[in-house]
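Asks: Residue numbers (my numbering), protein chains in the order written: chain U, 1 to 577; chain R, 1 to 252.
Keep in mind the hints are simulated off the structure, nothing from the lab.
Values in this document were obtained by computation on a predicted structure and should not be read as measured data.
Just so it is clear, CB atoms sit at the ideal spot from N, CA and C, and this is done for glycine as well.
Accuracy of the hints is not assured; some may be wrong.
Partial pick of chain R residues on the chain U-facing surface, computed with a CB cut under 8 Å [as the list claims (entries may be wrong)]: (1) Leu14; (2) Phe63; (3) Asp64.
The calculated DSSO-like cross-link candidates involving lysine-lysine, where the alpha carbons are at most 27 Å apart (straight line), are [stated by the list, open to error]: (4) R:Lys88 x U:Lys344; (5) R:Lys166 x R:Lys152; (6) R:Lys172 x R:Lys152; (7) R:Lys177 x R:Lys166; (8) R:Lys176 x R:Lys166; (9) U:Lys351 x R:Lys152.
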Amino acid sequence: MPNSSRTSEGIAALLLRRKFLSLQNRVLSMTLYEWGRNTAFLLMGFWMLAGLFYGFLRVLRYLSGVELIGGLLIWKLTAMSLLTTFSMVVLSSLIISLTTLFYSSDLRYLMRAPVPLRWVFWDKSLETVFFSSWMIALAIFPYFLALGRVYHYGWGFYAVFLLLMVPFLVLAAVLGMGFTLTLMYCFPSSRTRDVVWVLSSLSVGVLYMLLRFSEPERLIRPDALQLVSEYLQYLQAPTAPYAPSWWLSQALAGYAGGRMSLFWTQAALLTGAAAAAYGALLWLAGRMYARGYSGAQEGRRAYRSASVPPTMEYRLTRLLCRWGGDPDGGESGAAAALFWKDRKCFFRDVKHWSQILLVGALIGVYLFSIHRLPLDTPDLKSLVCFLNIGIAGFVLSSLGLRFTFPSISLEGRSFWVVRGAPLGIETLMLEKFVFSLAPMLVLSTVLVAVSNHLLGADRFISWLTLITIWLTTWTLAGMGVGFGAIFPRFHVENIHQIESSAGGFVYMACALAYVGATVAAEAWPVQMHFQERLGRLHAWDWRYAGLSVALLAVINLVAFVVPWVLGRRCLQRYEGD
Amino acid sequence: MIEILGLSKRFGDLTAVSELNLTVRPGEIYGFLGPNGAGKTTTVKLLTGLIQPTSGTARICGFDIQRQTLEAKRRIGLVPDEPFVYPKLTGAEFLRFVGDLYGVPHENQRRRIPELLEMFELGRWGGELLDTYSHGMRQKLVIAAILLHEPKALMLDEPLVGLDPKSARMAKDIFKKIASRGCAIFMCTHVLEIAERICDRVGIMIEGRLIASGTIDELRRSHGSGAGDVHLEDLFLRMTGSLEYAELLKNL
Chain U
1 MPNSSRTSEG IAALLLRRKF LSLQNRVLSM TLYEWGRNTA FLLMGFWMLA GLFYGFLRVL
61 RYLSGVELIG GLLIWKLTAM SLLTTFSMVV LSSLIISLTT LFYSSDLRYL MRAPVPLRWV
121 FWDKSLETVF FSSWMIALAI FPYFLALGRV YHYGWGFYAV FLLLMVPFLV LAAVLGMGFT
181 LTLMYCFPSS RTRDVVWVLS SLSVGVLYML LRFSEPERLI RPDALQLVSE YLQYLQAPTA
241 PYAPSWWLSQ ALAGYAGGRM SLFWTQAALL TGAAAAAYGA LLWLAGRMYA RGYSGAQEGR
301 RAYRSASVPP TMEYRLTRLL CRWGGDPDGG ESGAAAALFW KDRKCFFRDV KHWSQILLVG
361 ALIGVYLFSI HRLPLDTPDL KSLVCFLNIG IAGFVLSSLG LRFTFPSISL EGRSFWVVRG
421 APLGIETLML EKFVFSLAPM LVLSTVLVAV SNHLLGADRF ISWLTLITIW LTTWTLAGMG
481 VGFGAIFPRF HVENIHQIES SAGGFVYMAC ALAYVGATVA AEAWPVQMHF QERLGRLHAW
541 DWRYAGLSVA LLAVINLVAF VVPWVLGRRC LQRYEGD
Chain R
1 MIEILGLSKR FGDLTAVSEL NLTVRPGEIY GFLGPNGAGK TTTVKLLTGL IQPTSGTARI
61 CGFDIQRQTL EAKRRIGLVP DEPFVYPKLT GAEFLRFVGD LYGVPHENQR RRIPELLEMF
121 ELGRWGGELL DTYSHGMRQK LVIAAILLHE PKALMLDEPL VGLDPKSARM AKDIFKKIAS
181 RGCAIFMCTH VLEIAERICD RVGIMIEGRL IASGTIDELR RSHGSGAGDV HLEDLFLRMT
241 GSLEYAELLK NL
């Protein structure tokens with residue numbers, strides 16, 4: 001007879017112990033190579049955080065030097081940063097909780113085991129809080145480190161910050177989990193749930209666009225407000241009085257300023273709200289989780305024809321095979337088959353639709369922001385068009401992290417099908433490259449061409465930016481596939497584990513470094529172009545222009561070829577996660 | 001024809017497969033037996049090019065799996081130990097995908113795919129997404145997929161796990177029929193009754209080493225039992241030292 005009278009604490013300890021043991025075994029079983037690799041990643045991460053810290057330090061030092069309103073500005077910025085952090089954790093938890101709460105592989109075992117449902121939920125909710133917040137929390141940490149440094153706050157400030165971040169992040173994640181739990185409870189039918197999921201994403205996208213279109217930046221520009229008193233009133237007003245980010249920023253401001261009653265009130269409000277919200281979530285889970293989990297077990301019915309008609313895809317495949325000089329199929333046919341398979345799998349996954357909708361909103365906001373830039377002279381507008389390559393490159397790198405980098409890992413446990421087929425690794429990588437390249441080229445062209453049009457860039461800058469962004473897109477797609485092949489993770493439960501892996505981090509760091517190097521390499525010809533525009537005779541020194549082109553070619557070649565070749569080699573030698 | 005020449009595979013300190021030498025002739029079904037962790041699945045992965053050997057090589061129909069990988073793979077059919085398939089494809093689409101990967105002419109696919117789906121009683125499920133399929137249905141689909149491209153060498157890793165009795169019987173008959181057409185079949189299994197019934201020869205592997213290989217009668221003779229009076233199960237337990245379990249049972 002199993003021990004049915006195990007206490008709640010016993011169950012909690014048991015569930016936590018298994019996580020601890022998994023972590024311990026993972027660390028202890030690392031080879032020397034893995035120790036070296038992980039240490040290198042940790043160092044890279046540390047340098048990135050250090051970079052962020054010095055960036056924040058400079059900004060905060062500058063703001064603290066502004067007379068009269070310096071302090072107000074800094075706390076306003078702090079409140080806004082925390083609001084952004086809060087929103088990002090809510091969004092992240094919304095996406096992640098669907099997998100962690102309902103589709104984790106260990107749930108099948110846990111649900112069968114004599115563990116009360118609420119404890120299963122508790123276990124999975126801890127995972128959700130961690131996975132949805134650790135990266136965002138890590139990114140905000142240097143900001144507070146810099147804040148403490150600027151004002152010479154003591155260790156107490158950092159301790160308070162770290163302690164209060166826990167209820168803050170829990171509260172944000174609880175909101176996301178609560179939505180997912182309710183959605184799964186109310187819509188156990190998978191099809192309805194999909195529709196609601198897409199509509200929710202659409203609402204978030206529209207809300208984001210509306211928020212941006214309301215031009216909140218006008219409020220932080222003093223010239224947009226008629227009176228100084230209005231501006232001061234704005235700075236002192238809560239950023240979002242009912243949002244936990246405001247409570248946290250007030251608690252921190254209270255502690256830093258020695259206003260302990262404000263600190264205790266706000267800290268109690270935040271902690272109490274987090275405890276109440278989490279308690280309510282656990283209570284709800286007792287009532288809703290079983291039905292939601294049961295609904296999640298149902299597959300999505302497709303009702304598609306099982307016949308094999310001569311579809312357009314067949315005709316196109318055949319055409320591609322002929323172009324590939326391989327009328328009987330062969331590798332060209334296999335690559336075409338992979339392409340169609342990827343297209344089907346991509347568009348049938350509702351999570352991708354929601355992300356496409358959000359990307360659409362991002363493009364809208366991006367172009368609107370460009371349109372509303374307060375630029376006066378044509379020269380300045382053209383210069384911004386050139387610098388826009390950096391911003392567009394950043395957007396493309398981020399999208400690459402979401403769509404291109406995971407493309408090989410997304411073969412998942414079905415990887416044996418292509419690995420066992422007569423298909424070279426190079427062909428597989430090429431197919432993933434082409435699959436990512438096509439939409440990214442359209443997107444990058446829209447971002448740059450429309451921005452150039454909106455700002456009225458001159459002909460030279462227009463062509464230079466357009467050609468550069470095409471080249472950048474090409475290289476970033478290659479880098480994404482290459483790094484994805486160097487760090488494949490076929491045995492993960494959700495795509496976020498691929499993105500937030502060490503490989504994703506390395507890809508992002510390299511992609512950003514590449515974009516920065518591209519902009520730097522083009523700085524010479526752009527400088528000469530502007531000198532010519534400003535009337536300087538013989539502005540062009542063709543040696544520097546040639547050097548710039550050569551440098552650009554080398555940067556792109558290295559950024560494309562090195563990860564590609566390494567990725568091909570790693571994937572050929574791949575023997576399991 | 002499958003030829004294995006001095007094949008070894010090490011994972012760090014662990015030798016999963018050690019100096020394996022074996023030939024499976026066309027038309028022959030070779031049963032590969034052994035306790036859990038003996039190295040059977042690793043051998044299948046080596047033979048299909050899913051992982052690379054530490055030393056030695058394997059030839060499929062004369063093509064070296066390391067050097068002439070694509071030519072060799074074109075002739076191989078694989079049923080892995082776990083039938084993972086793309087959850088967002090339908091059954092019919094999965095077969096089309098496999099058909100295209102192996103260059104099966106489209107006219108053949110149009111004719112064969114509905115036939116295969118019907119044969120494995122998946123006809124009415126052919127248009128459903130694979131995430132609605134049970135383990136057994138996915139296993140049947142994977143077996144159907146290898147029939148689509150008519151391989152010359154078949155690697156089966158526990159191919160009958162999860163199949164209902166009717167499907168299991170059909171699968172066995174299918175394997176025999178494929179072998180009769182000249183296909184070499186290498187089959188890992190724990191079900192000794194199946195090995196006894198359909199395999200021409202069997203090999204027993206323990207801790208990465210092939211300790212015995214031959215027809216079941218040859219194994220009986222070499223281990224001091226008269227022909228026909230000892231089942232393969234007893235022979236297997238005697239050779240792998242698993243009879244000690246009787247002592248363990250006393251503690252239950």
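Asks: Does each hint fit the structure? Answer for all of them.
Replies: Tested hints:
Interface hint status for Leu14 of chain R: violated, as the beta-carbon distance to the closest one in chain U is roughly 12 Å, over 8 Å. For Phe63 of chain R, the interface hint is violated, since its Cβ never comes within 8 Å of a Cβ in chain U; the closest pair sits about 11 Å apart. Violation of the interface hint for Asp64 of chain R is found here, the shortest Cβ-Cβ separation to chain U being roughly 14 Å, above the 8 Å cut-off. Restraint check for Lys88 of chain R and Lys344 of chain U: the C-alpha separation of about 7 Å stays at or below 27 Å, so the hint holds.
At roughly 26 Å between alpha-carbon atoms, Lys166 of chain R and Lys152 of chain R fall within 27 Å of each other, so this suggested pair holds. Note on Lys172 of chain R and Lys152 of chain R: the hinted pairing holds, with a Cα-Cα distance of about 17 Å set against a maximum of 27 Å. Distance hint between Lys177 of chain R and Lys166 of chain R is fulfilled; the C-alpha atoms sit about 17 Å from each other, no more than 27 Å. For the hint linking Lys176 of chain R to Lys166 of chain R, the alpha-carbon distance of about 16 Å falls within 27 Å, and the restraint holds.
About 41 Å separates the Cα atoms of Lys351 of chain U and Lys152 of chain R, which puts this hinted pair outside 27 Å; it is violated.
Taken one by one, the earlier hints fail for this structure at numbers 1, 2, 3 and 9, listed in ascending order.
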